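Trainee: Sequence:
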Amino acid sequence: MSQRESLRAFQARLAERLQAAQARPLAAQWLAVHAGGRACLLPLPQAGEIFAATAPQPVPYVRPWFLGVANLRGRLCGVIRLAHWLADSPLPAGVAPQVDEGSHFVALGEALGVNAALRVDALAGLRSGSAFTGVLHAEAVRPPWLGACLADRDGQAWQVLDLQALAADPGFLHIAA
1 MSQRESLRAF
11 QARLAERLQA
21 AQARPLAAQW
31 LAVHAGGRAC
41 LLPLPQAGEI
51 FAATAPQPVP
61 YVRPWFLGVA
71 NLRGRLCGVI
81 RLAHWLADSP
91 LPAGVAPQVD
101 EGSHFVALGE
111 ALGVNAALRV
121 DALAGLRSGS
131 AFTGVLHAEA
141 VRPPWLGACL
151 ADRDGQAWQV
161 LDLQALAADP
171 GFLHIAA
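Numbering (our numbering), first residue to last: 1 to 177.
Calculated directly from the structure, the hints in this document are not laboratory data. Since we're looking at a predicted model, the values are computed, not measured. Each residue gets a CB set at the ideal place from its N, CA and C atoms; glycine is no exception. Among the hints, erroneous ones may be present.
[Stated by the list, open to error] The calculated label-pair distances, taken between Cβ atoms and stated as ranges, are:
id	residue 1	residue 2	range
1	10	144	45 to 51 Å
2	128	52	22 to 28 Å
3	102	157	17 to 23 Å
4	15	124	36 to 42 Å
5	165	50	45 to 51 Å
6	135	76	33 to 39 Å
7	102	63	47 to 53 Å
All chains should be built: construct the whole structure from the sequences, respecting the hints.
Mentor: This is the structure:
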């Protein structure tokens, strides 16, 4: 009888802890990265693992922002240089993409259904909603994957990227040149 009572007490404590955890706001909502001089926020539920950047295997006849493919923990992923995707500017002709010392690959979450990783220039840590003071004004015409632009306490602008909308964008999916 005492085991049954202790099991019930354990279940009650567990239910209370789960309810308290759901009521608490998330400590971090975004992964902060830098790409080509831009500060970007990637939603944590949409982002996957972070990997140290390695030289991806080049693929012929693709758009300039598509750097190639890389084996990321047994998963073959297309690597997109986020700075060039955001700026829509190609690398100069004949220049091979370099792997900078501080650069990383941020894989898109498996739930998005796209084997892709974004090459970012630097990681800037995790951010929560309390780290930002407000929403900056943005252009009226925006791609659907470009979210709000938030200002932090230092006045720096951070661009939120909707990775789910990015993974569904036809321009992102069609890499052929």
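Trainee: Give a verdict on every hint.
Mentor: Verification of the hints:
| no. | hint | in the structure |
| --- | --- | --- |
| 1 | 10 / 144: 45 to 51 Å | 46 Å, holds |
| 2 | 128 / 52: 22 to 28 Å | 25 Å, holds |
| 3 | 102 / 157: 17 to 23 Å | 21 Å, holds |
| 4 | 15 / 124: 36 to 42 Å | 37 Å, holds |
| 5 | 165 / 50: 45 to 51 Å | 21 Å, violated |
| 6 | 135 / 76: 33 to 39 Å | 38 Å, holds |
| 7 | 102 / 63: 47 to 53 Å | 24 Å, violated |
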